[in-house]
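Q: Chain by chain, the residues:
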Amino acid sequence: MDSAVVTWLRWGWRTLTSMRTALLLLLLLALAAIPGSVFPQREIDPARVQDYLSKHPGVGVWLDRLGMFTVYRSPWFAAIYLLLFISLIGCVAPRTLEHARALRMPPPVAPSRLSRLPSHALISVPSLASTTVVATAADALRKRRWRVRVAPDSSWLSAERGYLRETGNLLFHSALLLLVVGVGLGKGTGAEGRVVIPVGGSFSNSLAQYDDFRSGPFFNRASLQPFSVKLDKFDVSFERKGTQRGAPRKFDAYLSVREKFGGPTRKELVQVNHPLSIGAMKVYLTSHGYAPQFTVRDKSGDIVWQDSAIFAPEGGNLLSRGAVKVPDSRPQLGFQGVFAPTGLVDPQRGLQSVFPDLDNPRVFLGAFSGDLGLDEGTPQNVFSLDTSRMTRLGIAPLRVGDSWELSNGARITFDGVVRWASFVVASDRTEGIVLAGALLAILGLLLSLFVPRRRLFLRPVESSELGIRHSADDTTNHQHFEVAGLVRSGADTLANDTAELATALRGTVVETNARAADVPDRERQEQT
Amino acid sequence: MTDEMLSLFSTYFAYAGLVVSTLAFGFFIASFSLSRTADTPAEQPVLVTAGARSDVNGAESVMPSLGQPVRGQRWANIGMSLSWLQAGVLLAAVVLRGLSAHRWPLGNMYEFAIFGAFGVTAAFVIASLRTDVRWLGVLISGFVLLDVGVAVMVLFTEVAPLVPALHSYWLAIHVTAAVLSTGGFTLGSGASLAYLAVERARRRTEAGQPVRFTRWVAARVPDQRRLDAFAYRVHAFTFPLWTFAVVAGAIWAQAAWHRYWGWDPKETWSFVIWVVYAAYLHARATAGWKGARAAWISVWGFIAVLFNFFVVNILFVGLHSYSGV
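Residue numbers (this note's numbering), protein chains in the order written: chain A, 1 to 528; chain B, 529 to 853.
Keep in mind that a hint or two might mislead.
Per the computed footprint, the stretches of chain A lying under chain B, defined by three or more beta-carbons under 8 angstroms from a beta-carbon of chain B, are [unchecked claim]: (1) 43-50; (2) 247-256; (3) 281-294.
Keep in mind that the hints were calculated from the coordinates and are not lab data.
Source: prediction; values computed, not measured.
For each residue, glycine too, the CB sits at the ideal point set by N, CA and C.
I would like the entire structure built from these sequences, with the hints used as guidance.
A: Okay, structure coming up:
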C-alpha cells in the first residue's frame, strides 16, 4: 500500500482512539439523544407522530427526513455510538495488553534519592540489621497485598498496589461493550406481541391470535410455546376521594394458565409489576379498558351478532370509542359508539365520562347500513367504521338493558359491560447478559474510581547522611529509613501508608511531608 | 396519631425547613459579605494572581475560613449549625410523610423535592465532617430554599396511595438513589461554579479587565486546586450512584413496562446526564480539557439534572408521569 495512505490511516486511527475524540463523541452522543425526548418517536407512540405531522405539515416533513421521529434508529445516532465504541475498543484493547504485562512485571527499582519524590518520610526503627528490617517491611507490605520487590542486597525495597484500579477501568469499559452487544442480540432474537383479552375470554399463544406481533430477524417463530391463558377475573379499583380522585389503585388480573395443550391448569395473579413467566416468555399486564356487550337482531328477530366489542379508552376517565360490525345481516349493519363508564351528557360536547369506574355506564351509538367494506381484504381499524359506502340510520343514547329499534327493523340491545385487559407477551433471551453487563460496569466503575494506585519505596539511611539533617539526639540505637511514595492515580493515601509501615516495623515517623486526605489525586492516565 | 395529623406535621416540618434554610442562607450570605479581612488583601495585585497556577501549592487560598480568624467565620459557623437543623427538620418532613402514606415517601414530585432537599443538605453536612465546605453554604442553602419553596408552593400534593405501576420495592431503591445523586450533583456543580468564578476572575485580571463580582467570590472560596479536587471527589462518589439509579430503573422497567429501556423522555434524559458526567470524568484526565472546560461540563450536567426533574416531569409526555402536579 502507498505509504501516504498508511500514514493517513494511522493518523485516523490514532485520532479516533484518542481520549479527546472519545470525549467529543460522548458530548455529541448526549446532544444527539435529546431530540428523541422533544419529538414524538415512532417506536414509542406512532399515533403522536402522525398527529405532529398533520399539525406541522411543512416542518414535519423535514424533521421526518432528518430522522427526528426515529432518532434512536437514525444513521447519525448510530454513527456516533458506533464511532464511540470503536474508539473505546481501540483504547481498551491495547491498555488491556499493557495492563496484563504490568501485572506480570515486578515493581520498578527504587529511585536513589527518595527525598526528591513528592511525598517522603523518615522512619526511625529500633536498631536491627537493616536487611532484617527490609525483610520485615517486605512481609508486612505483602500481607497488605502490596506487590513487593527487594534489591538483591536489601539496599532498597519497592512496592506497588492498586492494580485493581486499572482492572476496574478496563472491566467497566468492557462491560459496556457486553451490555451493548446484549441489547443488540436481544433486539435480534427477541419478540413481543400484544393481545387484548376481555374478562372471560382466552388466548392461545400462536401468531394468528396476536393483535400485533413484532420480532427480531433471528427470532425462531417455531419456538413460541403453545401455552394458553384465560382471564377469569380482573379486579380494578380507583381512588374515590381527594385531589387524586380517579387515579388507579389496583389492577389484579386473575388468569388460568395452561402451559401446553391439554396440560394441567394453574391459577396465576398478574399485576403491573408482577409479570407471569412461562418458560422463556413473560406475560405483562399493560393496560385495560371496557368492552360493551351488544346483541343485534335482524327484523325477523334472529340474532345476527352477539358479543362484547373492545372499545379503545382515551384519557383518565376512560371515555372509550369503538365499533360493532355486523357482516351477516342483509344489508350489512355497522355501529360506531362512544362509551362512558360513568356517563354525563354535556349539551355541547355530547357524552363525557366523569369517573373511570362503572358507576353509570352509558353508550351513544350511531347506526349505519350498507357495505362494511370487509370483503376487500384491506386491513381495517377495528375501532372505527368505514362509512364511505353506508347510510346513516340514526343515533341513540343507551343505558344497560336498553334496546333500540332501527328504522329498517333491526334491533340492538346494550346487554352490559365487561372489562378487558391487554397483555404484552415478550421473549427476551439476552436480558441476563444485559444485566450482567450493567452490574459489572458498576463494579468496574467503583474499582476504577476508589482504588488508589500507588508506589512505596524504602531505603535505609546512612547515619552519616542523617547527621547532616538531624542533630544526633536519638540516632544512637535507632536505625533510620527513608520512605517515599508516588501516587499514580487516585486518592493520596501515602501519609496513611507510611504510618502503617512504621507501625509494622515498630518504628515511628520522625518527619514527613506527606499530606493527609485533602490533597487531590494526581492523575496520569485516568480513564480510557 | 392519625394519618391526617402525620401528614399535617410533615407539611409543618417542610415549612420549617423553608424557614431554617432561609436563615442559613442569610447567615452564609452575611459571612460572605463580612469577610473584610479576606477582601482587603484580595485588592492587592499580588494575591489576585492566587490560583493563577492552580497546580502549584504556592497559590494559597485567601479563603477566610482556612486559618486566619475573620468576622465572617462566626456567621458561617451559625449557618453550618442551621444546616444540621435543616437536615433534621427535612428528615422529619420526609419520615412523617412516609408514615402518613404507609409507603416510601417518593411517590410524586413534591415528595421527591422534599427528599431531594434533605439529600442535598445531608450530603453537605456529611461533607463538612471531612473537610471545610462552609464556602459552599450559600449555594447549598440557596438551592434548598428554592427547592423547598417550589415544593410547598407549586408541587404540593396531598398524601395519597400510589398507582399500581409504583407498587414495587424498586420505588424505594431507584428513586432514593436518584434523589441522593441529585444531592451529590448539586454539591459538585456548586464547586465547579466556584471554580469557574475564580477562573474568570483570574483571566480578566490577567487581561487587565475589570473584575468585581467574580473576584469578590474568588476571595471567599478555596483555591482552584482544592475546588477541582473537591468537585472531582463528589462527582466520583455520585457518578456510580447515578449509574446504579439508572440500572435499578431499567431493572424495574423490565418488570413494569416489559422492557428495560425504551427511550421514554425520562430515560433519555437520565442517559444524557450519565453521558455528560462520563464526559466530565474523561475531561478531567484529558490534556486541554482539565480545569475550566471540565468544570463547564459538570455545570451542564447539573443543568440537565434540573431539566430532567422540572421540565421533563411536567411538560414531556412519557411513562414517568407521576408528578401529581
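Q: The structure should be examined with respect to each hint, and the outcome stated for every one.
A: Hints and how they fare:
1. Under the rule that three or more residues need a Cβ within less than 8 angstroms of chain B, the assignment of the stretch 43-50 of chain A holds, with 4 such residues.
2. Residue count for the stretch 247-256 of chain A with a Cβ under 8 angstroms from a Cβ of chain B: 5. That meets the three needed, and the coverage hint holds.
3. Coverage of the stretch 281-294 of chain A by chain B holds [criterion: at least 3 residues with CB-CB distance below 8 angstroms; count 3].
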